[in-house]
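Visitor: Position one of the sequence shown corresponds to residue 7 (our numbering), numbered consecutively onward.
Watch out, some of these pointers could steer you wrong.
Said to hold, decoys possible - Pairs of lysine to any residue, SDA-like flavour, derived with a Cα cap of 20 Å:
#1 Lys81 with Asp139
#2 Lys287 with Ser403
#3 Lys287 with Leu397
#4 Lys81 with Leu171
Derived by calculation from the structure, the hints in this document are not laboratory data. Given the structure is predicted, the values throughout are model-derived calculations rather than measurements.
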Amino acid sequence: MASFPAWASWNFRIQAFSTAISTIGINAGPIAFAFAVLQAGGSASDVGLVTAARTAPVIVFVLYAGAIGDRISRKSMMVASNLVSAVSFMCFGLALQQGWHNIVVMCALSFAAGTATAFYYPAAEAANLQIIDAENPEKSLATLRLIQNSGQIIGAGIGGGIVALCGPALGLICCGIVFVPAAILRLGLLLPAVANVDKRENLWLNMRTGWQEFIRFRWLWAMVLQMSLVNAMVVGFMGVLGPIYARSSPWGAAGWGLVLTFQTVGFMIGGLAMTRLRPRKLLLFGNAASLLFVLLPCALIFGLPLPLAATASLAGGVGDEIYGVCWLAALRQEVSQAKMSRVASYDMFCSIAFAPLGGVIAGPLEEHFGLQPSLVVISLFITLSTIAVMLLRDVRSMSRQTLADVS
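Could you build all of it, start to finish, from the sequences and the hints given here?
Guide: Next up, the structure:
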């Protein structure tokens, strides 16, 4: 761990390594799941059922997970989640190897993996904000997000590669094994104590207290609502309208894949930039940067050539990553650590709950009004809603606190 900078604490280094490992498993798993169902003779509907079984518990349990994450050790919660993921993935692979192709069993194991994810994320986000360096919060957060983004890229590549080389069954077993060292590493975390809630209190009361903390800050609930709706628009654009445009243009699927690749490169560049930048107006700077995403749909509206569209996608990725770091830095600065898991769970719930609407709306929108008007609507919505949030006094006035400000 000597390659880390001097400001990186023991906890930061442990969390960084374990996050990299578990992120690889989380992103490799869905690919292996899908091909496992198909190898077992399942239909496209069966793949959809198994996917829904993994997604549904995230929506159902994430708020409970946030409340529990503020009641018990976050380290224990992350370790347990990693181990449940490991067991569910390996059992799925072993069942496939033994010829046990029951769709109910597959859905049950997929549900277990999704439940582990639901309990992992609120605890992990709260722990990340707990262990970053007080003098370099943006640099710490940007470094963690760089590691997460790298894990997502590597995980998707490994997932596809293992399935191609070894088959879905062995691929699932390997994905499950990946979570074990992540859990073992996290046993070494020495997280500082926080003022946890009284465990004798009712869980629903804990959730209500978290909700009160969530709505106490106007910038917090306004930005979560706005960005959840924007995420839905982005899902509709990236998953429906963009591919439709690419198919009808000389780009084809390869061209759209290049656009997505450039966006991923943008994430990495944005993360690297935030290891250097220390914006004074966190939320204002982050929201302004997020507007760069609109360059890509605008490139499609005006029919710009592929190299310019890819460049626009790269700029959007940079802006999205800058927004993410500024957002997390604001959460760490303003929200009580004792309630952080609950606040993170409400943030995650809104993002997940609204996201599917984009895909549902985008198709009919394109069919009734055409591709270009649909792209204009999405671009205007993202731009105007972001500007509206930036006009809020809480967003404009929030400044980055230094140690001198705190003392």
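Visitor: Evaluate each hint against the coordinates.
Guide: Each hint tested on the structure:
Only pairs whose Cα atoms come within 20 Å are accepted, and Lys81 paired with Asp139 is accepted, the gap being roughly 18 Å. Between Lys287 and Ser403 the CA atoms are separated by roughly 7 Å; this keeps the pair inside 20 Å, and the hint holds. Between Lys287 and Leu397 the alpha-carbon distance is near 13 Å, which keeps this suggested pair within the 20 Å criterion. For a cut-off of 20 Å, the pair hint linking Lys81 to Leu171 is broken: about 35 Å separates their Cα positions.
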